Every structure is written in C-alpha cells, then in structure tokens.
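Q: Those sequence lines, one after another, are chains Y and F. When you line the first sequence up against the working numbering, it's residues 1 to 413, in that order. When you line the second sequence up against the working numbering, it's residues 1 to 413, in that order.
Hints are computed from structural coordinates only; laboratory data are not their basis. One thing to keep in mind: the hints can contain errors.
Think about it this way: if two alpha-carbon atoms lie no more than 20 Å apart in a straight line, the pair counts; the simulated EDC-like pairs of lysine to aspartate or glutamate are [unchecked claim]: (1) Y:Lys196 x F:Glu112; (2) Y:Lys313 x F:Asp347; (3) Y:Lys144 x Y:Asp175; (4) Y:Lys313 x F:Glu107; (5) Y:Lys313 x F:Glu11; (6) Y:Lys364 x F:Glu101; (7) F:Lys389 x Y:Asp291; (8) F:Lys100 x F:Glu112; (9) Y:Lys205 x F:Glu11; (10) F:Lys383 x F:Glu297; (11) Y:Lys265 x Y:Glu412; (12) Y:Lys389 x F:Glu101; (13) Y:Lys389 x F:Glu261; (14) F:Lys28 x Y:Glu109; (15) F:Lys389 x Y:Asp249; (16) Y:Lys28 x F:Glu11; (17) Y:Lys383 x F:Glu107; (18) F:Lys205 x Y:Glu11; (19) Y:Lys28 x Y:Glu261; (20) F:Lys28 x F:Asp347; (21) Y:Lys389 x F:Asp158; (22) Y:Lys265 x Y:Glu382; (23) Y:Lys205 x Y:Glu231; (24) Y:Lys364 x F:Glu261; (25) F:Lys313 x Y:Glu297; (26) Y:Lys196 x F:Glu109; (27) F:Lys364 x Y:Glu297; (28) Y:Lys389 x F:Asp291; (29) Y:Lys389 x F:Glu107; (30) F:Lys108 x Y:Glu382; (31) Y:Lys364 x F:Glu297; (32) F:Lys157 x F:Glu257; (33) Y:Lys389 x F:Glu257; (34) Y:Lys28 x Y:Glu112; (35) F:Lys108 x Y:Asp249; (36) F:Lys389 x Y:Glu261; (37) F:Lys389 x Y:Glu257; (38) F:Lys28 x F:Asp158; (39) Y:Lys225 x F:Asp249; (40) F:Lys225 x Y:Glu79.
Remember, it's a predicted structure, so these values are computed and weren't measured experimentally.
Number of protein chains: 2
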Amino acid sequence: MIVELITTGSELLLGQIVNTNAAWMAQKLNEIGFDVCYQTTVGDNRARMEETVRHALTRANIIITSGGLGPTRGDITKEVCADVFGRALSLNEECAERLKENFRRREKEMTENNLRQAMIPEGAKILVNHAGTAPGIVLEEGDKVIINLPGPPHEMKDMFTRSVVPYLAEKFGLDAVIISRVLDTYGIGESQLETKIQDLILAQKNPTLALLCRPTGNIIRITAKAKTRSEAESLIAPVESEIRSRVSDFIYAVDDEPMEEIVGKLLKEKRLTIAAAESCTGGLFTSRLTDVAGASEYVKGSIVSYTLAVKEKALGVKKSTLDEHGAVSEQAAREMAEGARSAMSSDIAVAITGNAGPSPSEGKPIGLVYVAVAGERGTVCEKNILSGKRAQIKFSASQSAMNMVRRYLLGEI
Amino acid sequence: MIVELITTGSELLLGQIVNTNAAWMAQKLNEIGFDVCYQTTVGDNRARMEETVRHALTRANIIITSGGLGPTRGDITKEVCADVFGRALSLNEECAERLKENFRRREKEMTENNLRQAMIPEGAKILVNHAGTAPGIVLEEGDKVIINLPGPPHEMKDMFTRSVVPYLAEKFGLDAVIISRVLDTYGIGESQLETKIQDLILAQKNPTLALLCRPTGNIIRITAKAKTRSEAESLIAPVESEIRSRVSDFIYAVDDEPMEEIVGKLLKEKRLTIAAAESCTGGLFTSRLTDVAGASEYVKGSIVSYTLAVKEKALGVKKSTLDEHGAVSEQAAREMAEGARSAMSSDIAVAITGNAGPSPSEGKPIGLVYVAVAGERGTVCEKNILSGKRAQIKFSASQSAMNMVRRYLLGEI
C-alpha cells in the first residue's frame with residue numbers, strides 16, 4: 001500500500017511554518033507498516049490542488065490530506081477531493097448539529113459560513129473531530145482512498161490516532177510493523193564508514209541500512225519490517241552485531257541518545273567529578289554537560305580562558321609553554337587540563353584549545369583543535385582538524401571532547 | 001516563474017526529521033518574488049525520483065532539489081536529474097581537486113567513493129560548496145532549470161545565498177520584491193505588545209504586520225511588497241517609526257541580529273572587556289558571546305561555578321553569603337560578578353545564578369534566576385522568574401543577562 005501525504009496551505013508554501021504534520025503522519029504510518037512514498041505540499045489554489053490530487057491517484061493507493069477544512073472560502077481541500085471522485089456535497093444534519101452544539105458549548109455565535117464544515121461529499125465516511133470543528137472525510141473509490149484531515153496539528157493528530165489508524169487497520173489490515181535501530185558513531189567519516197559496511201549495504205533487503213550525516217556524527221539506521229515488533233527486532237539484531245563487529249570503536253550511542261547524557265551516566269556510575277578548561281568552545285562543552293538534569297552531581301565547573309592571562313592565572317599554564325608552543329598546542333592543552341583538575345579539584349578534567357575561525361591565529365589553521373583529558377591515569381591529548389563554520393567547529397570540538405572523556409572513562413584511551 | 005521544491009531522502013519520508021529546508025527555501029524565494037507552488041518530498045528511489053522530477057517539469061519552470069548529493073550509493077539526485085535532461089556525467093578535474101584539497105586540509109583519508117561528488121553532468125553550472133564537499137549543480141534545458149543543492153541545512157543555506165539567489169536574479173530578473181523588517185524585542189509579553197500596536201495590526205494592508213514569539217523574545221515583522229526594494233522600504237519606514245515610538249524601550253535589534261552580536265559591537269565601540277561567572281547557565285552565556293567572530297577582542301573568560309567550593313575559591317564569594325542567602329540569591333550574584341571582574345580583571349563582569357530545574361533547590365523555585373552586572377558604575381542586580389523546561393530556562397537566563405549587559409553599556413541601568 002503506497003501512501004501519498006498532501007499538505008495544503010499557503011503558510012506552508014511561503015515557508016512561514018515548517019511542515020511538522022507531514023513528518024508526524026509519516027512516522028505514524030511507517031510504524032504501522034504503511035509506506036509513505038511521496039509528500040506533496042500545494043497551496044489553496046483549486047486548479048493546482050486538483051492536479052496534485054489527480055496525479056497522486058496515479059502513483060499512490062492511499063492519499064491523506066491535511067489542511068483546508070476550515071469554514072472560509074480559502075478552504076477547498078474537501079471540495080476538490082470530492083470533485084476528483086465526482087461526488088456532490090450536501091449538508092449533513094448530524095455534522096451541522098455537532099457544529100451548533102460545539103458553538104453553544106463555547107458560548108460563541110455561529111456564523112453562516114461555519115456550516116460549510118457540515119457539507120459532506122456523498123458516500124463519505126465522516127471522522128468526528130474531538131479537538132475542533134472540522135470533521136474529517138474518508139472517500140473510497142475502487143482500490144483508492146482519500147482521507148481529508150484538518151490542518152491544526154492537535155486536531156489532525158487526535159483524529160489520526162482515534163479514527164484513521166483504526167480505519168486503515170480494518171480496511172487494509174496491519175500486516176506489518178516497521179522499526180528502526182540507530183547506531184550513533186563519532187570519529188569516522190561517512191565515506192569511510194560506508195566502505196567498512198558496503199557489502200551489507202549492497203546486500204540489504206530487510207532490514208534496510210541507511211547512512212546519515214548529523215552534526216553529532218554519522219549514524220547508521222537499520223530498519224526492519226515484520227509482522228510483529230519482536231520479529232522486526234530479531235531481524236535487526238544480527239545486522240547490528242555484524243556492524244558492531246566492524247566499527248564498534250566508533251559507536252557511542254544507540255537511538256540518538258545525546259553524548260552529554262552518556263558521559264553523565266558514566267561519571268555517575270563511576271562516582272567521578274569533572275571540570276573543564278575551555279578556550280575555543282567558549283563554555284559550550286560545559287553548557288552541554290549541564291543540559292542534563294542532575295549534572296550538579298558530577299560537574300564541578302569550568303574555566304573559560306579566552307585570554308593568555310586567564311590561562312596563566314586561573315589555570316597555571318606556564319608562560320614559557322604559551323611563548324614556545326602557543327595557546328593552540330598539545331602542551332597548552334595538557335597544562336590547561338591539569339590546571340583545571342587541580343583548580344577545581346575534580347577527578348577528571350578536560351581542556352579544549354583551538355582555532356574556531358574565521359581567520360588563522362598564531363599561524364594555526366582554522367579548525368585545528370587540541371583536546372586533553374587529565375585524570376588518575378594521567379593526561380592524554382588528541383589533535384583534531386575540524387571543518388565548517390565557527391559554530392560547527394565549536395560544536396564538533398565539544399562533541400570530540402565529550403567522546404574523549406567517554407573513551408577515557410571506559411579505559412579505551 | 002513557478003518553482004517546485006523537491007526535497008529527497010528517506011529520513012524525511014519516514015518522518016524522522018522535519019523538513020526545514022523546504023520552509024527555508026520557500027521563504028527566501030518568496031522574498032525575492034518567486035512563487036513556490038509545489039513542494040514534493042520523495043525517497044532515494046530512482047524510479048520514483050525520476051517520475052517526480054519529470055512531473056515537476058510539466059508544472060514548474062524552476063526545480064530546486066535538496067539532498068542526495070553525498071558520496072554514497074544512496075545519493076542519486078544528481079544522476080536522476082542529469083538522466084531526465086539526457087546529460088552524461090564525467091569527472092570534473094576542478095571539483096576533484098577541490099575535494100582532494102578539502103581532505104588534505106582535514107588530514108582525512110579520501111576513499112574512492114568520494115570522487116562521485118566530482119562527477120558533473122555535461123553542460124552543468126557548478127556551484128562551489130563552501131561549507132562541505134558536495135558541489136551544487138545547475139542544469140538548463142530550454143526554459144526549464146533544475147538546481148541541485150546539498151541536504152545538510154548549513155551547506156544548502158550557504159550555497160543558496162551565495163550562488164542560487166544571484167543566479168536566479170541574473171537569469172530571470174526580479175519583478176516584485178517582498179521584504180520584511182523585523183523588530184526584535186526583549187522584556188515585553190506578546191499580549192502586552194499586541195495591546196500597544198493593536199490599531200496598527202487591525203489597519204494593516206501593505207505593509208502587513210505580524211507578531212511572533214521566539215525563544216529570544218517577541219518579534220514584530222513588517223512585510224511590504226513593491227516593484228523595487230527601495231519602494232518596499234519606504235512603505236515600511238513610517239510603520240516602523242510609529243511602532244518604535246510606542247515600544248522603543250523593548251526593541252534591542254532589527255532583522256534578528258543576535259543579542260550576542262549587539263553586545264559584542266557595544267563592547268568593541270566602548271573598548272571594554274567582559275568576563276562572566278555562570279552557575280545555572282553552565283557556560284551558555286559565554287559560549288553565545290564567543291559565537292561572534294572576533295569575540296577574543298573583548299571576552300576575557302568565564303568561570304562556570306557549579307559548586308559552592310568553586311564559587312568561594314575561584315570567585316571569592318563569602319561563605320557567610322552562601323550560608324545566609326544561598327547560592328541562588330541577589331547577594332551571591334553580586335559577589336560572583338565582582339569576583340569574576342577582579343579574577344579576570346575585566347571592565348565588566350556578569351554573574352548568573354539560579355535554578356534551571358527540574359526540581360527546586362535550596363527551597364528556591366524553578367526558574368528563579370538572579371543576574372548581576374558589575375562595572376565601573378557599580379553593580380546592579382535583577383531578579384528573573386523564567387518559565388519553561390531546563391533548556392529554555394538556561395537560554396532565557398543567558399538572553400536576559402545579555403540584555404542587562406546591553407542596557408548597562410548604554411547607561412540605561
């Protein structure tokens with residue numbers, strides 16, 4: 001069963017609002033095993049909307065629209081879809097009564113145009129709107145189905161859950177569930193990652209494999225379709241472990257658990273505290289750590305040293321180090337980490353120093369970032385060359401530092 | 001000129017990510033007078049993508065795609081569009097060189113599949129990617145144009161602004177312009193704001209007025225349509241000054257200039273340096289300050305004091321103050337600001353201490369945040385009661401602190 005979602009409304013076309021309805025419906029439909037193959041957005045223009053619906057019927061079995069069921073002249077979705085199936089509209093007494101009742105309850109006066117919402121195409125199934133006034137519509141013609149849902153997200157979602165899912169289940173049967181498992185990696189490029197699992201990607205059927213770039217790192221998504229959730233999970237399991245056997249070093253999370261939460265959990269488990277010395281990240285690393293509720297259990301603090309003076313005074317970095325190697329150097333990073341550790345008497349301390357751009361400094365290239373982690377087992381330092389604009393470099397540097405802490409805590413470095 | 005946007009990728013179809021690219025492009029295209037009449041999303045399926053592109057060509061003059069330009073086998077947008085126009089792809093030496101250089105710079109190993117990004121359809125215009133590796137493509141055929149842009153938002157936006165807008169302007173000319181003027185406010189509620197300008201909102205025609213809530217504060221958008229930019233601007237000017245005459249105290253920026261840039265400019269102008277002492281914001285305030293290129297000219301550093309010990313040791317907050325008033329108090333905020341100022345010998349210092357949640361601490365309610373600014377003119381402190389979840393409270397606290405610095409620098413407090 002191929003589904004096309006058609007979202008209508010000029011605010012979508014003008015980009016004044018982001019299309020969250022399409023994403024939400026797509027996710028729900030996929031969860032119950034329906035393939036959404038197309039999403040189309042069109043404005044409240046009769047000719048264009050009609051052409052869009054007619055074309056959708058040539059490539060999809062189930063068409064679900066959202067938007068354009070309101071009381072104004074601009075709301076034409078229901079009429080257009082009825083036309084396409086050659087159905088006339090007439091006033092539905094039940095709907096009219098429900099409308100009037102709704103207005104009585106809210107002590108609002110009902111204007112004539114509101115009755116447009118009670119105009120129903122012949123032969124339509126009516127979906128009661130429990131969150132608003134516009135009823136939803138189901139039109140069946142041969143093996144094709146058009147479902148009209150309201151545009152306001154809370155109305156659409158309520159109607160979708162209450163009425164659309166049961167309808168689809170009854171009419172088409174829910175013969176499958178689709179579930180995804182995401183493996184979050186850090187420190188390996190997309191192309192390198194693909195090379196390592198290319199054979200699996202080429203051989204993919206069910207489950208399918210997808211590689212995606214995220215600011216947090218590249219992710220591998222394993223998606224399986226099966227009769228039951230547990231069946232789907234058991235299809236995913238062997239593929240996941242095969243992938244893990246090849247790139248385990250780079251996998252830091254599953255299903256997009258944020259790095260800061262993973263680091264936080266490790267620190268809690270091991271009852272360790274952390275401090276930081278940040279230069280190019282300007283506080284971002286510690287801010288992300290403290291995004292996690294309960295971070296005060298393990299975060300002692302951070303010194304953002306944006307000047308040489310602060311590096312010397314607050315972190316005790318040797319003047320000679322800064323003179324000989326510069327602030328963006330392995331030596332400086334190591335001394336910053338050790339300085340932060342003793343200044344805030346934490347078990348572990350991280351230092352991040354680099355050049356976030358926009359221009360080279362100390363003759364050091366943009367994106368060059370040193371990260372050092374100091375702890376009981378001594379101090380380790382890694383060199384990163386990060387790409388992107390200032391904000392991306394800052395974020396990548398913070399992510400890279402978190403990943404180093406994670407590996408340090410796990411004894412991997 | 002009718003534009004159709006085609007966004008590709010299974011993560012969009014599956015609803016795993018919301019389609020922000022389509023909204024962003026639609027907005028930009030509308031601003032320069034192009035009508036986006038259709039937005040279509042299709043997966044990385046060759047047959048379906050090709051059908052979608054062919055159909056788009058029957059109803060639009062300009063087709064802009066985003067996504068599917070990566071190095072992997074799943075990335076097929078460029079090939080599909082080239083096929084539709086019957087163009088062969090071949091390796092473009094310049095693109096290949098740029099790719100290799102990019103990898104060299106990042107000291108990353110380049111795998112073979114990366115070269116797929118340097119395969120260019122014959123007769124294509126190449127759009128250089130300044131934010132990533134995949135070049136953009138422009139294909140012209142008769143009066144039809146297909147433009148392929150990368151999927152990662154920061155790459156797409158950079159390329160759209162640098163290359164697509166100038167290209168469209170030159171090729172099609174811009175017959176009407178729609179421009180918006182945004183007035184950014186802080187410290188005034190939406191309803192209060194509406195009350196102050198209600199008569200203008202009711203009387204609106206061209207320009208139109210819109211009030212929108214943003215995490216950064218409420219904004220007023222004035223949008224005018226005219227033949228020329230200067231005409232549109234002269235429609236906006238009188239409305240803007242009328243609004244300013246009513247709510248000038250709350251307007252801190254125009255056209256969404258970030259607060260951190262405004263504060264940075266003021267500090268530069270006045271040749272003053274700044275330091276911070278952050279508790280509940282965990283470094284976010286200083287991180288935002290340092291998002292601005294050249295921040296090192298005026299940012300000395302910050303001490304993120306997440307524990308009482310650090311507040312005492314690094315900032316010299318009196319133990320008696322913490323005992324009597326607690327860390328979330330006006331007294332602590334003042335001492336933190338003054339401590340940061342002397343510790344990092346800055347002209348101005350800010351302190352932020354509060355409870356970001358999720359649970360009350362020291363019996364202080366969630367959202368209670370004290371901000372103090374210390375400088376030559378003495379120390380001022382303000383109490384904020386902020387709402388929302390932890391992340392929102394952190395951001396609002398940082399925004400409120402920036403606004404206080406701005407007002408302090410302007411002599412308003």
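Q: Just to be careful, I want the Cα atoms of lysine 313 of chain Y and aspartate 347 of chain F compared with a cutoff of 20 Å; is the pair within it?
A: Holds, at roughly 17 Å.
Q: Is the Cα-Cα distance between lysine 265 of chain Y and glutamate 382 of chain Y 20 Å or less?
A: violated (23 Å)
Q: Are lysine 364 of chain Y and glutamate 101 of chain F close enough, with their CA atoms no more than 20 Å apart?
A: Within the cut-off at roughly 17 Å; holds.
Q: Take a quick look at whether lysine 196 of chain Y and glutamate 109 of chain F sit within 20 Å of each other, Cα to Cα.
A: holds (14 Å)
Q: Would you mind confirming whether the straight-line C-alpha gap from lysine 364 of chain Y to glutamate 261 of chain F stays at or under 20 Å?
A: Measuring from Cα to Cα gives roughly 25 Å; hence the hint is violated.
Q: Does lysine 389 of chain F pair with aspartate 291 of chain Y here, judged by a C-alpha cut-off of 20 Å?
A: holds (10 Å)
Q: Would you check the hint for lysine 313 of chain Y and glutamate 11 of chain F, treating anything up to 20 Å between C-alpha atoms as holding?
A: Violated - the C-alpha atoms of glutamate 11 of chain F and lysine 313 of chain Y are around 49 Å apart, more than 20 Å.
Q: Holds or violated: lysine 389 of chain F with aspartate 249 of chain Y, Cα cutoff 20 Å?
A: Since the Cα atoms of lysine 389 of chain F and aspartate 249 of chain Y sit roughly 34 Å apart, the hinted pair is violated (cutoff 20 Å).
Q: Against the 20 Å threshold, does the CA-CA distance of lysine 144 of chain Y and aspartate 175 of chain Y hold or violate the hint?
A: Answer holds: lysine 144 of chain Y to aspartate 175 of chain Y is near 19 Å, not above 20 Å.
Q: Next pair to validate is lysine 28 of chain F with aspartate 347 of chain F; report whether the Cα-Cα distance is within 20 Å.
A: Roughly 41 Å between the alpha carbons, so the hint for lysine 28 of chain F and aspartate 347 of chain F is violated.
Q: Could you grab the alpha-carbon distance between lysine 313 of chain Y and glutamate 107 of chain F and see if it respects the 20 Å cut-off?
A: violated (34 Å)
Q: Straight-line Cα separation of lysine 383 of chain F and glutamate 297 of chain F no greater than 20 Å?
A: Violated, because 30 Å separates the two Cα atoms, which is more than 20 Å.
Violated hints, in rising order: 4, 5, 10, 14, 15, 19, 20, 22, 24, 34, 39, 40; the structure is consistent with all others.
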